[in-house]
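Chemist: Place chains U and P on chain S using the hints.
The residues making up each chain are set out below.
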Amino acid sequence: MFENPTSRRQFFVAVGSLGAMLAVRSAQAQVAANPAAFGAAIGKVTGGAEVKKGRVKLDIPPLSENGNTVATSVTVESPMTAKDYVKAIHLFAEKNPQPNIISVHLGPRAGKAAIATRIRLADTQTVTAIAEMSDGSFWQDTGDVIITLGACLEDPV
Amino acid sequence: MARALINVPAQAKRGEIITIKTLISHTMETGFRHTSVGATIPRDIITTFTCTYNGEEIFRADLFPAMAANPFITFTTIATGSGTLVFNWTGDNGFTATESSTITVE
Amino acid sequence: MTRWAQRSVLVALVVSATTASAQIPQSELRSGYADLGRDTKAMQDDDTTNPGMLWALDGEALWKTKAGNAERSCADCHGDAKQTMKGVSARYPAFEGTLGRPINLDQRINLCRAQQQQARPFSYESKELLALSTYIGLQSRGEKLNPPSDPRMQPSLNAGKELFSRRVGQLNLSCAQCHDDNWGKKLAGNTVPQGHPNGYPLYRLEWQSLGSLQRRLRNCMIGMRAEPYEYGSTEYVDLEVYLTSRGRGLPVETPAVRP
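Protein sequences, first through last, are from chains S, U and P.
Counting in the working numbering, the first sequence runs from 54 upward without gaps.
Counting in the working numbering, the second sequence runs from 2 upward without gaps.
Counting in the working numbering, the third sequence runs from 36 upward without gaps.
In short, the hints are calculated from the structure, not lab data.
Yeah, the Cβ is synthetic: ideal placement off N, Cα and C, and Gly gets one too.
A few of these clues could be false.
Unchecked claim - In silico lysine to aspartate or glutamate, EDC-like type, Cα no more than 20 Å apart, as pairs: (1) K165(S) to E58(U); (2) K22(U) to D80(P); (3) K117(P) to E163(P); (4) K140(S) to E57(U); (5) K165(S) to E17(U); (6) K110(S) to D74(P); (7) K165(S) to E57(U); (8) K140(S) to E58(U).
As the list claims (entries may be wrong) - Covered stretches of chain U, as calculated for chain S (at least 3 residues, CB under 8 Å): (9) 53–61; (10) 77–87.
Same shape as in the complex, but just chain S (with noise of 0.2 Å):
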């Protein structure tokens, strides 16, 4: 369907065209893109403070074989030190029907910032990775995933 998006912008692009065709199917489907979810997740937890760019590297294959289980990592600039240190990562997908996927806490005594996990991804869509500094200050990285389906789909065993 998404024919490469070479940028996020192409790709907003390409879901606003589609936003007719997704409401209608959303209704019945209760899979659907839900911006104001997606905002109001990420205000939650910034409090409406400023997301920077930058700092954050979100590693997540562009391709997914299955969007059952996509292995993630996010790993965070910081000296990790009292004074100086992350202390939450915050993933969010914004077409799954609920955008949360993981907040991890840290401190200190981690020594680094980096952990890595399996996501869940409903449909082809944009993966965001907050993080939040000791000092008050956010940053993010995103990461585009295309997920393929299974070829032959099977019901239930």
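Modeler: Positioned in the frame of chain S, the structure of chains U and P alone reads:
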């Protein structure tokens, strides 16, 4: 049969940053799936994961339905001293699981 | 499957309809592992991150658990599985004299349960059966698939080969058309594998769980819109006999990870 795979280095040097890998068996039912007759399958997920090191919490994670089944979480900590790491998972329907691992720090 | 994908598959199959399916030559055998993405390969390669190992852990515990009226554990007869089970799953299915036909590893486990432990056999695809077959399969990891060259298995091998080439279901497809003729090509974004049994039981990302070869064969049949055979049917064993022979020499990867 809740089983967990914990990977903590058996030994470390004092001050070394070690990587801890955890994997626990759990279906992480999202609550968004339906049966073939349209009934919603209720949510059943692990919601919290914590790790303590000699009693002090060094890591905590809040999990949501978007975490893959059989949650896998890797994190780091500074090897401050010999002792025990205790891993705790709690979730819906009273789910709890605990595992522990010892480490020797010279 | 999307209509577009269906049409692409049908076009490819119409083209190959008149040519007989050719078995893959030994030199071109390729495990499904080769088609995995980087992260999925990493998941399989590391025992601390391979979800299939959770079932192997359960199997290790079951191996030592006394069961049935005989109050016996597998270990009581078979000792340390790491020694006694090495190479075993690589040479299954094997001929079972008392039944007069080949049986697969799951059936072997259940025979032991019934006859030696006097315990109720495990249901197909139950957690316990998967755990034990994973644990036993793990002891053959790295060994080459080594089906027994037992002439008594020839009828089953022939039946399995026929099943593999038989067109079934609403899509009128045979296993051979995808897995012999079109392996390596894409079907709706995924690479068509050759379809070998060397990784089973395996953790399938689609299932978010570990499952047996029978489960996968049933899912393929459902995907082809065919009525799957019942669990435990001789058709599955015959197919497994054929698949193991067809994949002879590939390394056992139990518990593998596949999308």
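Chemist: What are the numbers of the hints that this structure violates, sorted from low to high?
Modeler: none
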